Amino acid sequence: MSLSRRIAFVVIAGLVAGTIAHVADPSGSTGALVFLAAGLVLGELLVLRLENRTAVPLSYPVLLVLASGFSTARFAGAVAGAELISAVLRFNDRESGWRVQIMIERLAVAAGTIAVYDGLRDVTHHNEAVATVLLTLGAAAVAQLPVDLAMRWILRLHPTFSARARLAWLAIASSGMLMAIGYRGVDGRGQVGIWGPLLFATPLLAAWYAFERLDTATRAYDQTIESLAMAPEFGGIVPPGHSKRVATLAVAMAGVLGVSTHDTSDLERAALLHHLGQVTIDEPEDPSRPTPAAEVAAVTSTMLREIKPLAGAGDIVAGDASDPKRRVAVQILRIASDFDDLTARDGNEQSFAIETLRSAPGYVYDDKVLGALERVVEAGHLAAVR
Amino acid sequence: MSPFPRRLWWFASAICAVAALAAGLLGFSERHQAFPFGAALVFGALVVFSAHREVALPQGAYLSPAFMVCMAAMVVFQHDGSLLAPLLVGMLNGLLLSGLTKATWGWIPFNAALSGLALLGAALVFGALPPVMRDTVPLALVAALPPALTDFTVRAGLILASYRIELGRLPREVVRELVPMGVQVFPFAMVGLFLGRLYLALGPTVLVLIIVPILIAREMFSSYMQVKQSHDETVQLLIRALEQKDPYTAGHAERVAVYAGYIGEELDFLPARMDRLRFGALMHDIGKLVVPNQLLNKPGKLTEEEFARVRIHEGVSVQMLSHIDFLRPIALHAHSDAMKFDPDNLDHPIEPYIIMVADAYDAMTSTRSYRKALTQEVAFKELRDKSGKQFHPACAEALIRAIEKRNEVHGKGHEEESHFEHAPEVGLGSAGLGDLLPDEKAKQ
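Read top to bottom, the protein sequences are chains A and B. Quick note on our numbering: the first sequence kicks off at 1 and runs consecutively. Quick note on our numbering: the second sequence kicks off at 1 and runs consecutively.
Among the hints, a few may not be true.
[Said to hold, decoys possible] Simulated restraints on C-beta separations:
{"id": "1", "chain 1": "A", "residue 1": "N348", "chain 2": "B", "residue 2": "R311", "range": "34 to 42 Å"}
{"id": "2", "chain 1": "A", "residue 1": "P284", "chain 2": "B", "residue 2": "R311", "range": "40 to 48 Å"}
{"id": "3", "chain 1": "A", "residue 1": "E95", "chain 2": "B", "residue 2": "E404", "range": "49 to 57 Å"}
{"id": "4", "chain 1": "B", "residue 1": "P271", "chain 2": "A", "residue 2": "A163", "range": "43 to 51 Å"}
{"id": "5", "chain 1": "A", "residue 1": "N92", "chain 2": "B", "residue 2": "G168", "range": "49 to 57 Å"}
{"id": "6", "chain 1": "A", "residue 1": "S260", "chain 2": "B", "residue 2": "A14", "range": "27 to 35 Å"}
{"id": "7", "chain 1": "A", "residue 1": "G97", "chain 2": "B", "residue 2": "I312", "range": "49 to 57 Å"}
[Stated by the list, open to error] Listed next, the in silico SDA-like pairs over lysine to any residue satisfying Cα-Cα at most 20 Å (straight line):
{"id": "8", "chain 1": "B", "residue 1": "K228", "chain 2": "A", "residue 2": "I281"}
{"id": "9", "chain 1": "A", "residue 1": "K308", "chain 2": "B", "residue 2": "E233"}
{"id": "10", "chain 1": "B", "residue 1": "K298", "chain 2": "A", "residue 2": "P284"}
{"id": "11", "chain 1": "A", "residue 1": "K244", "chain 2": "B", "residue 2": "D325"}
{"id": "12", "chain 1": "B", "residue 1": "K228", "chain 2": "A", "residue 2": "P284"}
{"id": "13", "chain 1": "B", "residue 1": "K228", "chain 2": "A", "residue 2": "R219"}
{"id": "14", "chain 1": "B", "residue 1": "K298", "chain 2": "A", "residue 2": "I281"}
{"id": "15", "chain 1": "B", "residue 1": "K372", "chain 2": "B", "residue 2": "E243"}
{"id": "16", "chain 1": "B", "residue 1": "K228", "chain 2": "B", "residue 2": "A272"}
Treat the hints as calculated values from the structure; they're not laboratory data. Bear in mind the structure is a predicted one, so any value in this text is a computation, not a measurement. Don't be surprised by glycine CBs; every beta carbon is placed ideally from N, CA and C.
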């Protein structure tokens, strides 16, 4: 079932169930609880996508509304029911193990939210001063972050706290607080019931839309570069998978050497495209005398430097070491590419390849960068690529 | 921001005079009551700040936190019994200072007066509503409609008049452009109204809580626009690589993308689909990257072996384009056999057919190594003759219609540049495209 169909199903089912619950219990809050539980499921389907296939769900603000508006027992019932339905609705998303992990993570965050909210309400003796309520809600919203990161770390779900992740969490926390205040009010003031979360979710939905667009565009951009990187492989110039393997190895080495995110991004693109220029050069008449690597690098770097977002990658491919930061990136690319040639193309053992690189004259390969290669190889980071 | 037109001076002056008169009258009538300075300062600052932070939505719509803040301010000032405050805060909504130059400053008083009068109208209507409607949920949701409509009507009416005076545009045309704005007004008005209620109950903190996600949405949109631009520029890398390999293709990919865009417009494609079509057209020859230069530029006939090697590029194009998620639906049909029109295959996406028509039209109307460009008439005739057989009829007709509508002429005598000055008038095949001479084709 497509995402839009799942969303439509949850909206319709939530409206029907909520209306029935409201009719059955007109003076109580069961109807609102059912509507919010549906909102929780909807929030599980709509996520703010971050890097590395991670995401923050829009269900977290709804948890705050539920925690602040209902008893612990009703909160637990709504969360358990919503998470079970969400698990069923994720039936065609990745493998079952991942679905279980996600469910555990979400339940942990829900538990963290209610524990902090109820705990602080008890500590403040259920004080209804505006500042106290806002601080309590803020603390419960902030508590979701460490619980989420800790669970991701435990469950190996790529915890991330990048710049984009920080903004996502800020949007989630501020919207959750506003939605909760709208639902419960403070000391009987400002309460607008179920309309509060509904209306005050609008800015968050705008943020969701923006995150979606950014994610789609970033993926398309990355895939276009990967697609271009395949050209020398399809042309039989380099072994299949060479560019991708070199890029993965280079990024891992950059991580070990503490290269900045921006420079790592340039390095990754350089690694993916470092043979692209060769497709524009005439085939040598004598196949036993391939085009010199320096000529390929020169042609490729000229092409890349003409394109603004790829100019940094062009400098790296050109071997431009005038900037000390670039010098490390240039060395990483050279070592990663030569290492892949020795292992994948020539079929040598990794240890032999490293030994070969180490035995080259000192001015060819930087000792520190070779050390990073050894650490990456020892850590087994290449297993997934090979 | 475009320079302020002289034709609009008297109209803008009249609007400003009305706003100034309203401010004077309201100031006089409210002289005995306390002006809500604190709230006016908070909302005024927030309106100016948020007016500069619009979020672009699809279909050319914008999400501006400023309108929400104005609606919230209207609720707060209605509670304080002031009409002067919404007029002044509304005027601040027109203070769009970005891109301001000497030639454009005239827009400031015009926009300020227009926005102020619109919010004053909304506040008057909101104040006239029965209290039960303003204060009871869910009736308060409906209460958002009259002031929102008033704000929109005043604003749209004045914009309509200014367009009429400045450009002589028909009201119907302008209304069509303004309707999407009107549709988004109501939900934001509801949020604004409830925000105002929360402000009255809890103070200014709530304003921060709603502005934060909107600013983050804007930040993400900026990043999205940057990535999109980088993507566009990166596709240029492919185009340049192809042009280096095969000089005939200079400008070919861009022209195919333009023609494909014409067809997409004629077929009422939505922006997302247009985007996919454009990228598909720009990248349709990506597989040629793996064809050796010597073969692409071979002036004479191709041997069987060479022909087979050149044909590989189509399969490679499919594989390379399939790697890009959003192009995959059309990439799977990017093979020349699959691009030929097949009326029985109803599941076939139309984009590959469009690209084939655009590609063929550009091939016919541009000079190549083996022959000069054909005239536009010949190209149109060829498209029509093969419509329903080789070309999708709707796509072929859409391209002809779009080009005629634009009064464009392509082909012989109308090319911008040609790399093949000495190409023969009549040619038989293109080595670059992997074509064989007719007798070789027959053998195939």
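The hints, checked one at a time:
| no. | hint | in the structure |
| --- | --- | --- |
| 1 | A:N348 to B:R311: 34 to 42 Å | 36 Å, holds |
| 2 | A:P284 to B:R311: 40 to 48 Å | 23 Å, violated |
| 3 | A:E95 to B:E404: 49 to 57 Å | 55 Å, holds |
| 4 | B:P271 to A:A163: 43 to 51 Å | 28 Å, violated |
| 5 | A:N92 to B:G168: 49 to 57 Å | 56 Å, holds |
| 6 | A:S260 to B:A14: 27 to 35 Å | 57 Å, violated |
| 7 | A:G97 to B:I312: 49 to 57 Å | 40 Å, violated |
| 8 | B:K228 to A:I281 | 30 Å, violated |
| 9 | A:K308 to B:E233 | 7 Å, holds |
| 10 | B:K298 to A:P284 | 16 Å, holds |
| 11 | A:K244 to B:D325 | 17 Å, holds |
| 12 | B:K228 to A:P284 | 37 Å, violated |
| 13 | B:K228 to A:R219 | 11 Å, holds |
| 14 | B:K298 to A:I281 | 15 Å, holds |
| 15 | B:K372 to B:E243 | 19 Å, holds |
| 16 | B:K228 to B:A272 | 13 Å, holds |
The structure does not agree with the numbered hints 2, 4, 6, 7, 8, 12 stated previously, though it agrees with the rest.
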